[in-house]
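Visitor: Given next are the chains, with one letter for each unit.
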Amino acid sequence: MTTTELPAEAPWAAVLDLVEVGIGAANAHGRDDLEEPLRVARLRLMRPQSVIAVVGEFKQGKSSLINGLVGEELCPVHDDVATTTTTVLRYGDSARCLVTRHGADAAEEVDPAFATGIGLRPSPDEAAAIQRIELEWPNRFLATGITLIDTPGAGSASRDAGLALAFLRVADALIFVTDASAPLSGDELDFLKSASAYCPVVMCCLAKTDLYPHWREVQSIDESLLAGAGLPARPIPVSAALRIIALKEGDAGLNRESGFPELLQVLSTGVLEETKRLAAHRALLDLDAAVHQIRLPVLAELQALKSPDLAAPALAELQSRRDRVEQLRQAGSRWGSVLAEGFSDLANETDYRFRGALRELNKKVDRILETADLRHDWVQISGEVRTDMALAVRELVRSLEEGSADIARRVVSVIAEDEAEIAVPVVAWPDIDVSRYWTEKEQRELSLGAHAGLGYASLKGAQGGIILASVMAGVAGVVLSTTATLGVGAVFGGKQIWDERKKKTTQRRQQARTVVRQFIDDVQFDVSKTTRDMVRDLQRLQREHFATELAQRIRTQTEAMEASQRGAQTARENVSRRVAELEQTIQGTDQLLKSTSALRGSL
Amino acid sequence: MIPLAERLEVLCQTARPSLPLEAANEIDAALERLRGPLRLAVAGRVKAGKSTLLNALLGERLAPTDAGERTRFVTWYEHGPGYQVFAEREDGELLPLRFERNDDELVINESELPDTGILRLIVRWPTARLRRFTLIDTPGLGSASPARRAAAAGLLAAGQGGLRAADAVVYLMQHAHRSDVAFLEAFRDPSLVDASPVNALALLSRADEIGGGRPDAMESGLRIAERYRMDPALKGLVGTVLPVCGLLAESAVTLREEEYELLVRLSLADPEADQALLSADRFRSWDASPVLPASLDLLLDRFGMFGLRYALRAIAGGEVNTSLDLARLLLEVSGLPALDRALELQFGSRASRLISYSVLRDVTSIANRIAADSEAGRDLLYALEELASSSHEVDELRVLHLAVTGENGFTAQETAEVERLASGGDAHERLGTGGPGGEDTRRLAIYRAAAWRARVGDPLHDPIQDYSCEVLTRSYEAIAAEAAGRAST
Ligand SMILES: Nc1nc2c(ncn2[C@@H]2O[C@H](COP(=O)(O)OP(=O)(O)OP(=O)(O)O)[C@@H](O)[C@H]2O)c(=O)[nH]1
Ligand SMILES: Nc1nc2c(ncn2[C@@H]2O[C@H](COP(=O)(O)OP(=O)(O)OP(=O)(O)O)[C@@H](O)[C@H]2O)c(=O)[nH]1
Ligand SMILES: [Mg+2]
Ligand SMILES: [Mg+2]
Chain A
1 MTTTELPAEA
11 PWAAVLDLVE
21 VGIGAANAHG
31 RDDLEEPLRV
41 ARLRLMRPQS
51 VIAVVGEFKQ
61 GKSSLINGLV
71 GEELCPVHDD
81 VATTTTTVLR
91 YGDSARCLVT
101 RHGADAAEEV
111 DPAFATGIGL
121 RPSPDEAAAI
131 QRIELEWPNR
141 FLATGITLID
151 TPGAGSASRD
161 AGLALAFLRV
171 ADALIFVTDA
181 SAPLSGDELD
191 FLKSASAYCP
201 VVMCCLAKTD
211 LYPHWREVQS
221 IDESLLAGAG
231 LPARPIPVSA
241 ALRIIALKEG
251 DAGLNRESGF
261 PELLQVLSTG
271 VLEETKRLAA
281 HRALLDLDAA
291 VHQIRLPVLA
301 ELQALKSPDL
311 AAPALAELQS
321 RRDRVEQLRQ
331 AGSRWGSVLA
341 EGFSDLANET
351 DYRFRGALRE
361 LNKKVDRILE
371 TADLRHDWVQ
381 ISGEVRTDMA
391 LAVRELVRSL
401 EEGSADIARR
411 VVSVIAEDEA
421 EIAVPVVAWP
431 DIDVSRYWTE
441 KEQRELSLGA
451 HAGLGYASLK
461 GAQGGIILAS
471 VMAGVAGVVL
481 STTATLGVGA
491 VFGGKQIWDE
501 RKKKTTQRRQ
511 QARTVVRQFI
521 DDVQFDVSKT
531 TRDMVRDLQR
541 LQREHFATEL
551 AQRIRTQTEA
561 MEASQRGAQT
571 ARENVSRRVA
581 ELEQTIQGTD
591 QLLKSTSALR
601 GSL
Chain B
1001 MIPLAERLEV
1011 LCQTARPSLP
1021 LEAANEIDAA
1031 LERLRGPLRL
1041 AVAGRVKAGK
1051 STLLNALLGE
1061 RLAPTDAGER
1071 TRFVTWYEHG
1081 PGYQVFAERE
1091 DGELLPLRFE
1101 RNDDELVINE
1111 SELPDTGILR
1121 LIVRWPTARL
1131 RRFTLIDTPG
1141 LGSASPARRA
1151 AAAGLLAAGQ
1161 GGLRAADAVV
1171 YLMQHAHRSD
1181 VAFLEAFRDP
1191 SLVDASPVNA
1201 LALLSRADEI
1211 GGGRPDAMES
1221 GLRIAERYRM
1231 DPALKGLVGT
1241 VLPVCGLLAE
1251 SAVTLREEEY
1261 ELLVRLSLAD
1271 PEADQALLSA
1281 DRFRSWDASP
1291 VLPASLDLLL
1301 DRFGMFGLRY
1311 ALRAIAGGEV
1321 NTSLDLARLL
1331 LEVSGLPALD
1341 RALELQFGSR
1351 ASRLISYSVL
1361 RDVTSIANRI
1371 AADSEAGRDL
1381 LYALEELASS
1391 SHEVDELRVL
1401 HLAVTGENGF
1411 TAQETAEVER
1421 LASGGDAHER
1431 LGTGGPGGED
1441 TRRLAIYRAA
1451 AWRARVGDPL
1461 HDPIQDYSCE
1471 VLTRSYEAIA
1481 AEAAGRAST
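In order, the protein sequences belong to chains A and B. Here the numbering used here is used: the first residue of the first sequence is 1, the next is one more, and so on. Here the numbering used here is used: the first residue of the second sequence is 1001, the next is one more, and so on.
Treat the hints with care, since some could be wrong.
Estimated spans, in silico, between C-beta atoms of each pair [stated by the list, open to error]:
{"hint": "1", "chain 1": "A", "residue 1": "R513", "chain 2": "B", "residue 2": "P1081", "range": "58 to 64 angstroms"}
{"hint": "2", "chain 1": "A", "residue 1": "R234", "chain 2": "B", "residue 2": "R1420", "range": "30 to 36 angstroms"}
{"hint": "3", "chain 1": "B", "residue 1": "G1409", "chain 2": "A", "residue 2": "Y352", "range": "44 to 50 angstroms"}
{"hint": "4", "chain 1": "A", "residue 1": "R277", "chain 2": "B", "residue 2": "D1103", "range": "55 to 61 angstroms"}
{"hint": "5", "chain 1": "A", "residue 1": "R513", "chain 2": "B", "residue 2": "D1103", "range": "56 to 62 angstroms"}
{"hint": "6", "chain 1": "B", "residue 1": "D1301", "chain 2": "A", "residue 2": "T387", "range": "50 to 56 angstroms"}
Reference listing, derived: stretches of chain B covered by chain A, where coverage requires no fewer than 3 residues with Cβ under 8 angstroms from a Cβ of chain A [as the list claims (entries may be wrong)]:
{"hint": "7", "region": "1119-1125"}
{"hint": "8", "region": "1299-1306"}
Just so you know, these hints were derived from the structure itself, not from any lab. Don't be surprised by glycine CBs; every beta carbon is placed ideally from N, CA and C.
Chain B with its partners taken away, still in its complex shape (with noise of 0.2 angstroms):
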């Protein structure tokens, strides 16, 4: 079977002479990404800790951070050979921003650009962590302020600069709010592709600060999280839902030998520490700490109440000797390590369908402005929409999406099943098996289609559960085929 991504690109290069030129260009640049890394947006209201959490992911502090309102436009953090700074205007034109780095921190001199006209910031950074996805920091949705909510709900239009421009989202949130689930709901893209549980990943974000800074509230947030996980509000817009402290992630994995001793001197003030952790102006202003108040400042902002109580409680307790001990031990925590370990099985594995699918529905769009006045445009809509509903690839993500909804009713094990066939990695894998083997491969592809197709046709079935019962025999005999061609040569 060709992929997705072949038969797409050969389209629109066959299409591409006749087209407008300007039409043109937008496909070239939507086909180029078919060769970068998956996008993922960060998204979440206002304050959800969206940029600190980038940071946390990139392992690096690139992301401004405030108390206030902060991040102002759409930011894409994509791997680059040096340093380079942007912001591209709406009519494309690329500014080049002077940045510093301060403290381990970046600061990009922004502050002149005007609120309006800036599609977008684009930063390049040889981060390895990059190499695996771009990231897009979004500014808050949710804002007091009208400007910003106007700009915020311009974030989900269509374009290069939009959230529409990732292939997939996370989305952070304190609790479920109403304009949470809002946002997740208009996130869909009814023409072609929804958000959905296929690649919408929600976060239960600050989740030390949900479970109250409490010693235990991390459990705490896995319990709420779980409880969205049922929530149907939520169900059938994201695959799932984990408990995170950007910030403590984003301390561990940049933490300091300094910092490390800082905490190591607070912790054996012992007694007196338990009066400063009552709060965070007893902590400031603690008059006889053992290291100076601009210290207490900086450790504030850095670990938080949370963080402060769990690091000092395990270094007194000896739980850790190092400043390695302490990152690792606050990452785990954090949550971290989760969130990474669902974005590779969600998005990972099928970073590259999830990309190809989000180009052919931005090309779409492109072809469906175009058509009313371009004869070759409208050849190229036609063509595209013939493309979706004959790809193999585009019709298992849709049976993932109907299985995870809930929506052709599978059981959990068929899901399970569906996840793993569109996973995109090797047959063994999309089969289940320990490992390769080209026999047994293709007898048991062969067994799992015949028990597909018998399926369908059920006369208690209704078109969706058919259709889905069709699509997976299909995959199994695709993957008989291929595994009986590798069997032979």
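The shape of chain A in the complex, shown without the other chains (with noise of 0.2 angstroms):
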């Protein structure tokens, strides 16, 4: 039995198959520049990126369900809280682990027992001062290009309210857990309910179906609270607890009942068909976009041999295409300026934005606590503050988001105007993978080359949740003081000690507001410094993808020239036999061009 019973199916391989033939093409034509993007777009229809966070409210067996999925004991699973940092899981040839602490510039590598061993479990002090976990491991169900995220639990009464919230954006899914030791709470059904407005995919799985008896009823009347939420949904049973043993010992009716071969089955059609859909949407445009430079210089060589006296004027013309590409290389360019200013002005704006909504917090939280009484509102006050927090924050995400996307679509238009007559048009977006984007630098440089990552099309879903989740976990690290150093704790109303607690009061009040705007000021600065980050790594980006395309052209239109001149000089009797040579790559390429647009169509 294996790890990975996700079924490798046919309609993408077909995809696959084209795209082995155009890498083919630009070798047999030495573009190894055309190559590249379509050996990183076969890498991609192979091992399509999804993202999957694992959500829930705290001790419902979201760890050990993760474990249960990758085979591997990777997550630290316990009976006390056990989960305290967003750990991120994905595929590595060896195993490693960065740890990301709140303020530091990069991750750390660490001994990979951090992220897994119980025994190095760190200290709630520690764990706070920890952002991120990232876990590579060389792993079955991993390699099939899924990343998984764990998420410390919902609810608990010594942890935040607004966490929850970070991970509505995250990812291609959110599985979200919840046990069958009693029906979906109010709480539980008021996050899926504001997560499935978010997220494309969100599954629910009923876990330790091996624990209680009564597990039917509980998600039979699970069943209908979802449908009565417009969520129609049925929880997956799962017990984790089955899983382990049936891979231990490789009892095949066990693993059935422990319900994870159909969550793999639901994971399977439900989110990696989505992603691969999309992976096999954009080889197809990489695709279509090499074919058209490799026919270029085909079709200028076949002109200059059948016209040769038209061969100087034609030479004449893509010398010039040349040249305009060309200029557009060249610092000063109008679509250069377009995307720094883009950039700037959308670094203003989501930044006066979002401290109008940190003002905004500062002002209502002024509001309440002139009325609040302290020793029983602070919990409720301080979950309001990180959930509007965490709402300001998400807003942050989306404008940069949209506005890099925005930026990206006028850049194309700009150099479309400029040069009209490129015969290719630039591809719109580069490649970002995200989940990478958080490792640390050099790695970043690494993977982060215009045609390297594995990412997506746009910062949207996946990358925008990753980011998003981060910033959060960011939020949520910023200490917001519980009730203890608030001091609550009645005092009974004596008379004596009326005018006391009268006192108290005032300084509760105080100290509370200090407490907030403290936590308003750390969230600010550890935000206005990721989004500084962001944006200008987004900007770097998408001018070297923008570069790199224009390369590929420039390339494109000196081969058709220098094929041009070959053909004018081609000798008489050789002619016929070199077009006949060409005509066959052209009916090949044409052929290869009907396939995409016919193969597009069925997507």
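Build the complex: two chains, separate frames, hints provided.
Guide: In structure tokens, the structure reads:
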């Protein structure tokens, strides 16, 4: 038995075959620059990246569920609160663990046991200082391209309320975990309702079915609660405990009873299919672009062969196109300034709006504190502050996402205006694998080369989610003091100490105000820094991307010129053979283009 | 010193004739409680295991339990000479309800009762344990159904049916959820007395499941409870946190010989039993089991996976040889005996004080309500406030609260001293000496009084600390005076 029972299916195989043909063609024409993106496309198809966040209230069995999926005990599991930090699990050829602390510029590599081993569990103070843990692991399930995010549970009394919201945009899918001890609570249902508004796929798992004799009853109650909330879904019953034994003993029957095969099936059809569809779509775009650029020199040579008398003007035309594209690459080109201005406006605008939101939050807190009885209301107030903060951060990331996509579109149209005759339009959006975005610097350089990443076509969805999750983990890590420091614990209402109480009430309010201000300041500092880095990197990536695209075009035009000259100089007796050869190549590429457009329709 | 209860009663009797009739009746009902046992509410989120635990405390299966949301109404289990069940409507009318005993379980015909308009159900039962505490079962908090959520919120409202009518609360939680803490905070009544470590206790319920049903699950529960005891979010709210497995406790106190026999037969099917105990589903569909399928269902419901594993192991290992042995073993592991001890320590020994205190609180809220329209009501309110601020028992409870919440900065040793002092037992118990002894008692009390008096007025004190020291000084002076009086007669 393997741990990856995810079916590998047919529809994408055809796309993969075409990409192979494209790689062959690029290679045959000596275009390594065109070959590279196709190789990336192939990798993306074979290992479509999807990010799945596992969320839910604390102690529901989230980490155990992840361990069940990967078939190894990678996440710490404990009877008492275990997961203290957002943990990103993804494939790596060797085991590696990166820890990012709050305020640190780079991640720090530590012994992988840090993330997995209970014995090395960080103390609460240490845990609070950690923003994110990333674990790379040579594991067959992860090798399918799935990135899993284990999250600290929502709802715990000593943790914040806002964090759960951070995952609303996470990933291609959420797995919401609730155990079979009781039907969904009001809190859980509320969470699911808002989650489903933000995440494309929300799956619900009913955990620990081995332990609860009445899980079927609970499942059917949950199902009707979900239906009532407009989220028709049947919670998938799973038992991580049985799964672990089944894998260890190779017991297929027990594995079925564990419910994991069904969960994997649902993951495969509900999540992987979609990312594969996207990957296939993207592969076809890349393929088209490559094929067009391969054709261009061939066409130029053909033309020169067929009408040698027109060779000179044709060459001049090719030369002037090449110059125009070359000019686009120079400093001071219009698209460059559109891009630079776009990002600087974007940075200012998002910052302005974020500050505005925080000002509102400050005012709101002041208003609440005027009348609040902090001995009773602090938990609620601090929860509200965190929630509002989460919403503000989410808004910030959303506007960054949309803003930078918008800039890319503008750049494309500016390039098109300035050089309407570039035979092959530039592709709109660079690849950014943001799940890698958060790893340490040098690795970032490595994987963020215009085509090296394995990401998606936009910052939406998965990437935005991870960014948001990380920023929010940062927010969560900023200390908002709890009841204890505010001296909750009511004083009995004896008359003698009445005045003393009044004085204390005022003191507490003052203290609370300071605590909240400090919290908002800290978050603002953290978020501003992250935002600045993000904007700067996004800008650099876009610039590099468009530069690479332009370099390809220049090379294509140069080769077309050479081909045209070659055609004009071909000895008369060789012409017809060469024409036949080239026409065959064109037919081949025609065929390829026809196939891509047919396949695109069927996706 | 005249006890608070007596002073309260005299005060109300005097005021009674000039009060509006309705309020007077309400006050009578409240005073009636001074003669009853402590009223202990069992509260918690939906499916925390409240009804199951209540049955264990009762020693009988009177409260209905189920995997889906079950308890619809606040239900009072009171001691009575015979067997009676009523529904009390909001207008005060009592509707007798039909009920039957089915397989040792009490089944009340409540399905026809409307969801609204019913204040509470009352079950009067001649169970010895109800002499000690009146137990109040409550619907779960935090339900997904809006109607039930609203109803549960209503629980916190003052009045006869609500939780506020309780003198103390046992709060069940499976891990400390934010809403658990919110509830405990809301339970505090800012008007006079606050729910506090003095009158609230938390349980880590269904602790066998928190430990994943493993054989060492309850030990794991102990460690987690220990951590929660120190958790700042809970510290000022509850006296202690204990793990319990209500299901095993209930089964242990109601264990039947047939059930024991069934377990013995299963324990003989040893190697197969291991496979069958892998999961609830496997156990239920154990084909070649030595007992009937219906018996498997029954055992599973009664003991749960943890209980079955535990019991079968104990029987197979020869640790237990009779149903009595088994009941004893399961009871011990369930954590119920520890809970019983904590209940006695925290509520039992200061029951009369807690009751007087909560009656004072309720009468005050009645007076508060009528004070706007009734001269007599205003006078009563004033007198009650006077009483509250001059009652030494109230003062002692306040200091106890201040000490256990850490608000007056007492050391653990000083806090223990306050706990002893506020227990309401005999003089020697309150002093913590071995036994009654007139002159020794007096001398020790004088000595302690002097020690506390010396601390009053310490320049580093805030008024709350001064107040605490003054109260303790007076407590010891009173004990000394009483001992002197006794010695001279
Ligand atoms: N019997 C049984 N116990 C389980 C199963 N899954 C989890 N548990 C137990 O449930 C408890 C919590 O499991 P975790 O996986 O740590 O849950 P979590 O949601 O990740 O918890 P936090 O990260 O602390 O919020 C542990 O005691 C596990 O042993 C299961 O399938 N069966
Ligand atoms: N394993 C185990 N199961 C328990 C325990 N306590 C209760 N249960 C089970 O949990 C379920 C709910 O128990 P109840 O006592 O009805 O819970 P409740 O809090 O009264 O529920 P509501 O009245 O609906 O809020 C039942 O199926 C019980 O058998 C326990 O300590 N261990
Ligand atoms: Mg976890
Ligand atoms: Mg109940």
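Visitor: Are A:R513 and B:P1081 spaced within 58 to 64 angstroms by their CB atoms?
Guide: holds (59 angstroms)
Visitor: Is the gap between the beta carbons of B:G1409 and A:Y352 within 44 to 50 angstroms?
Guide: holds (47 angstroms)
Visitor: Given as covered by chain A, does the region 1299-1306 of chain B meet the bar of three residues or more with CB within less than 8 angstroms?
Guide: Per the Cβ count (4), the hint holds.
Visitor: Is 30 to 36 angstroms respected by the C-beta to C-beta distance linking A:R234 and B:R1420?
Guide: violated (57 angstroms)
Visitor: How does the coverage statement for the region 1119-1125 of chain B fare against chain A, requiring three or more residues with Cβ below 8 angstroms from a Cβ of that chain?
Guide: Result for this restraint: violated, n = 0.
Visitor: Does the hinted range 50 to 56 angstroms hold for B:D1301 and A:T387 at CB?
Guide: violated (40 angstroms)
Visitor: Can you let me know if the beta-carbon spacing of A:R277 and B:D1103 is within 55 to 61 angstroms?
Guide: holds (57 angstroms)
Visitor: Between A:R513 and B:D1103, does the C-beta distance stay in 56 to 62 angstroms?
Guide: Since A:R513 and B:D1103 have Cβ atoms about 60 angstroms apart, the given range 56 to 62 angstroms holds.
Checked against the numbered hints given earlier, the structure breaks hints 2, 6 and 7 and satisfies all the rest.
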